[in-house]
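Trainee: Chain A is already provided as a structure; the job is to place chain B on it using the hints.
2 protein chains.
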Amino acid sequence: MRILILGAGGMIGQKLAARIARDGFRGAPAEVIAHDMAFPPSPAPVARQITGTVTDAGIMKPLAAERPDVVFHLASIVSGEAEVDFDKGWQVNMFPCWELLQALRAEHEASGGSYRPRIVFTSSIAVFGAPFPEVFDDEFLTAPLTSYGAQKVICEQMINDFSRKGFVDGVSVRLPTICVRPGKPNKAASGFFSGIIREPLNGQEAILPVPDTVSHMHASPRSAVGFLLKAAELDTADLGARRALNMPGVACTVAEQIEALRDVAGNNVVALIKRQPDPLIERIVEGWPRRYTADRATALGFKAETDFHEIVRTYIDEDLNR
Amino acid sequence: MRILILGAGGMIGQKLAARIARDGFRGAPAEVIAHDMAFPPSPAPVARQITGTVTDAGIMKPLAAERPDVVFHLASIVSGEAEVDFDKGWQVNMFPCWELLQALRAEHEASGGSYRPRIVFTSSIAVFGAPFPEVFDDEFLTAPLTSYGAQKVICEQMINDFSRKGFVDGVSVRLPTICVRPGKPNKAASGFFSGIIREPLNGQEAILPVPDTVSHMHASPRSAVGFLLKAAELDTADLGARRALNMPGVACTVAEQIEALRDVAGNNVVALIKRQPDPLIERIVEGWPRRYTADRATALGFKAETDFHEIVRTYIDEDLNR
Numbered sequence: 001m002r003i004l005i006l007g008a009g010g011m012i013g014q015k016l017a018a019r020i021a022r023d024g025f026r027g028a029p030a031e032v033i034a035h036d037m038a039f040p041p042s043p044a045p046v047a048r049q050i051t052g053t054v055t056d057a058g059i060m061k062p063l064a065a066e067r068p069d070v071v072f073h074l075a076s077i078v079s080g081e082a083e084v085d086f087d088k089g090w091q092v093n094m095f096p097c098w099e100l101l102q103a104l105r106a107e108h109e110a111s112g113g114s115y116r117p118r119i120v121f122t123s124s125i126a127v128f129g130a131p132f133p134e135v136f137d138d139e140f141l142t143a144p145l146t147s148y149g150a151q152k153v154i155c156e157q158m159i160n161d162f163s164r165k166g167f168v169d170g171v172s173v174r175l176p177t178i179c180v181r182p183g184k185p186n187k188a189a190s191g192f193f194s195g196i197i198r199e200p201l202n203g204q205e206a207i208l209p210v211p212d213t214v215s216h217m218h219a220s221p222r223s224a225v226g227f228l229l230k231a232a233e234l235d236t237a238d239l240g241a242r243r244a245l246n247m248p249g250v251a252c253t254v255a256e257q258i259e260a261l262r263d264v265a266g267n268n269v270v271a272l273i274k275r276q277p278d279p280l281i282e283r284i285v286e287g288w289p290r291r292y293t294a295d296r297a298t299a300l301g302f303k304a305e306t307d308f309h310e311i312v313r314t315y316i317d318e319d320l321n322r
Numbered sequence: 001m002r003i004l005i006l007g008a009g010g011m012i013g014q015k016l017a018a019r020i021a022r023d024g025f026r027g028a029p030a031e032v033i034a035h036d037m038a039f040p041p042s043p044a045p046v047a048r049q050i051t052g053t054v055t056d057a058g059i060m061k062p063l064a065a066e067r068p069d070v071v072f073h074l075a076s077i078v079s080g081e082a083e084v085d086f087d088k089g090w091q092v093n094m095f096p097c098w099e100l101l102q103a104l105r106a107e108h109e110a111s112g113g114s115y116r117p118r119i120v121f122t123s124s125i126a127v128f129g130a131p132f133p134e135v136f137d138d139e140f141l142t143a144p145l146t147s148y149g150a151q152k153v154i155c156e157q158m159i160n161d162f163s164r165k166g167f168v169d170g171v172s173v174r175l176p177t178i179c180v181r182p183g184k185p186n187k188a189a190s191g192f193f194s195g196i197i198r199e200p201l202n203g204q205e206a207i208l209p210v211p212d213t214v215s216h217m218h219a220s221p222r223s224a225v226g227f228l229l230k231a232a233e234l235d236t237a238d239l240g241a242r243r244a245l246n247m248p249g250v251a252c253t254v255a256e257q258i259e260a261l262r263d264v265a266g267n268n269v270v271a272l273i274k275r276q277p278d279p280l281i282e283r284i285v286e287g288w289p290r291r292y293t294a295d296r297a298t299a300l301g302f303k304a305e306t307d308f309h310e311i312v313r314t315y316i317d318e319d320l321n322r
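Residue numbers (UniProt numbering), protein chains in the order written: chain A, 1 to 322; chain B, 1 to 322.
Since the hints were made in silico from the structure, they are not lab data. Possibly wrong hints are sitting among the right ones.
[To be verified] Keeping only pairs whose Cα atoms sit at most 27 Å apart, straight-line, the calculated DSS-like set for lysine-lysine is:
hint: 1; chain 1: A; residue 1: K88; chain 2: B; residue 2: K165
hint: 2; chain 1: A; residue 1: K61; chain 2: B; residue 2: K88
hint: 3; chain 1: B; residue 1: K88; chain 2: B; residue 2: K230
hint: 4; chain 1: A; residue 1: K187; chain 2: B; residue 2: K165
hint: 5; chain 1: A; residue 1: K230; chain 2: A; residue 2: K303
hint: 6; chain 1: A; residue 1: K303; chain 2: A; residue 2: K61
hint: 7; chain 1: A; residue 1: K230; chain 2: A; residue 2: K15
hint: 8; chain 1: A; residue 1: K165; chain 2: A; residue 2: K274
hint: 9; chain 1: B; residue 1: K230; chain 2: B; residue 2: K165
hint: 10; chain 1: B; residue 1: K187; chain 2: A; residue 2: K165
hint: 11; chain 1: A; residue 1: K165; chain 2: B; residue 2: K88
hint: 12; chain 1: A; residue 1: K187; chain 2: A; residue 2: K88
hint: 13; chain 1: B; residue 1: K187; chain 2: B; residue 2: K15
hint: 14; chain 1: A; residue 1: K88; chain 2: B; residue 2: K61
hint: 15; chain 1: A; residue 1: K61; chain 2: A; residue 2: K187
hint: 16; chain 1: A; residue 1: K88; chain 2: A; residue 2: K184
[As the list claims (entries may be wrong)] DEER-style ranges, computed between Cβ atoms:
hint: 17; chain 1: A; residue 1: E282; chain 2: B; residue 2: L300; range: 23 to 31 Å
hint: 18; chain 1: B; residue 1: G183; chain 2: A; residue 2: K303; range: 50 to 58 Å
hint: 19; chain 1: B; residue 1: R291; chain 2: A; residue 2: T236; range: 28 to 36 Å
Built from N, CA and C at the ideal position, the CB exists for glycine as well.
Next comes chain A alone, as it looks inside the complex (with noise of 0.2 Å):
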């Protein structure tokens, strides 16, 4: 099995890229191809490392004539810089999965059909905007308050319709945010939830820009991995024609979590937590889902935490002790 990764030198691109080296993929070991415009000093050993950006338009041919059984597209710039530079959002985070589409549409002709690859597309819960009821489900419009959210959704468009006419085989996972991010933060809206955990339990403070009655879904980065190998193994017959799944995730206040941190680590570090409200952050935040179930993914076998304790004891074991 050969499989692409874009966006490898991310977070969850080196783990997705480090399991797979540890566990191989559908059971065998795998060469991986790992593609992104900078990597960490010491990456997960992968087949090959190629470093360039996305928005290159000579890039996607070269890749996909390789013809991966898999691609992972995990390359995107996020929320809060998409936010505040417009073009370089969309010319990240939209332009280059159509040249991706288009790039592997053309292997597919050119191999009579043949060659069909399944991709995985990292997509977000911020496809949702509000309003929003209570609770929403797998049916609920795709309505986002962000660029980040509106070059999500097309990029979804795009994998169902090129999947629907036999060129690809796709599927988007609709991610949570996925908390606790190791490492530093980055300039997504969404920070402070991981940031308000790590820094504490490195011994830092953490700013804390919202109310703590603040509800939403997490996912540690462990589950983020298995959503997109979960993705990338499943029969997508049983999608039918919706090819995007929302994720599940742990439904809880900003209280709990800080409550989940004191159960695990105690008060001296949750004692590192300034309150230092800001306005723009609560009002991005304001505009994302608090809860939805993911009945349909469920169903298909994607599992998160079941609950935050579990999500800070994984990162303790997975990001904090190594």
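Mentor: Chain B only, in chain A's frame:
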């Protein structure tokens, strides 16, 4: 007021131009710039008629430089054609919308932010796809089953996001099937809905390719023009962030269409309808919504006919007798 109509040579575009020529816009005469690949021999009177294609990468800048107050973006190939010619569908139905938005945004920025045109985009209920509940509402997901539908969703998302940013002020009107279309059949899979009324009234045979139990939603071309003008005039502050609206229509079965024709025009006319099943058209139509509510649009004052008899009489009045 200066008004740009893209796709002005088509059936709706011509009726829109003729209506504005007759009634003005917002109660005053308006200068209309009409753009399309071709125009009928006796076109509706406009200030300027420009022949060209929206796929010409250079066309949107000079059109935007005219700084129209309102842009009606009707240019599109129909569902059946977009299904058969995949590349043409995306090149006509998606990319020009992006180019238009970017060109208008450039004018917005060049004006120091004062220029912010209204865009009215003709979307379609083809943004929805089966499986459907018996009736769905304004919060139902956009999961199209045709390339045409996917392209319409994507344009809606772009228009929403450019509007949210304040570059333009857009509204997408999701038209039900427009019936009775005058003139010759086109390549739309929905063409027979008009054909079974129009051809018999013109003394010609019509083919009915689906069972007469098929249920669908219709509005007349006169209503469609009304929807566009309403969308051009309404206060978008009433829309919030969701700028795509399901338009109202008459929900009825093919059998009810035929009985309305019988009531208005008699048995001899109805006898010209020939049943000739077409599995491809049947399959496409099965993926379309049978019945939905249009509560948001209705509350905003959008109006369609109340029964199919009225739709038949509108055709006789507006098109057959001219």
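Trainee: Hints first: check each against the structure and report whether it holds.
Mentor: Against the structure, the hints:
| no. | hint | in the structure |
| --- | --- | --- |
| 1 | A:K88 / B:K165 | holds (15 Å) |
| 2 | A:K61 / B:K88 | holds (21 Å) |
| 3 | B:K88 / B:K230 | violated (30 Å) |
| 4 | A:K187 / B:K165 | holds (19 Å) |
| 5 | A:K230 / A:K303 | holds (9 Å) |
| 6 | A:K303 / A:K61 | violated (34 Å) |
| 7 | A:K230 / A:K15 | holds (15 Å) |
| 8 | A:K165 / A:K274 | violated (52 Å) |
| 9 | B:K230 / B:K165 | holds (23 Å) |
| 10 | B:K187 / A:K165 | holds (19 Å) |
| 11 | A:K165 / B:K88 | holds (15 Å) |
| 12 | A:K187 / A:K88 | holds (14 Å) |
| 13 | B:K187 / B:K15 | holds (20 Å) |
| 14 | A:K88 / B:K61 | holds (21 Å) |
| 15 | A:K61 / A:K187 | violated (30 Å) |
| 16 | A:K88 / A:K184 | holds (22 Å) |
| 17 | A:E282 / B:L300: 23 to 31 Å | holds (30 Å) |
| 18 | B:G183 / A:K303: 50 to 58 Å | holds (56 Å) |
| 19 | B:R291 / A:T236: 28 to 36 Å | holds (30 Å) |
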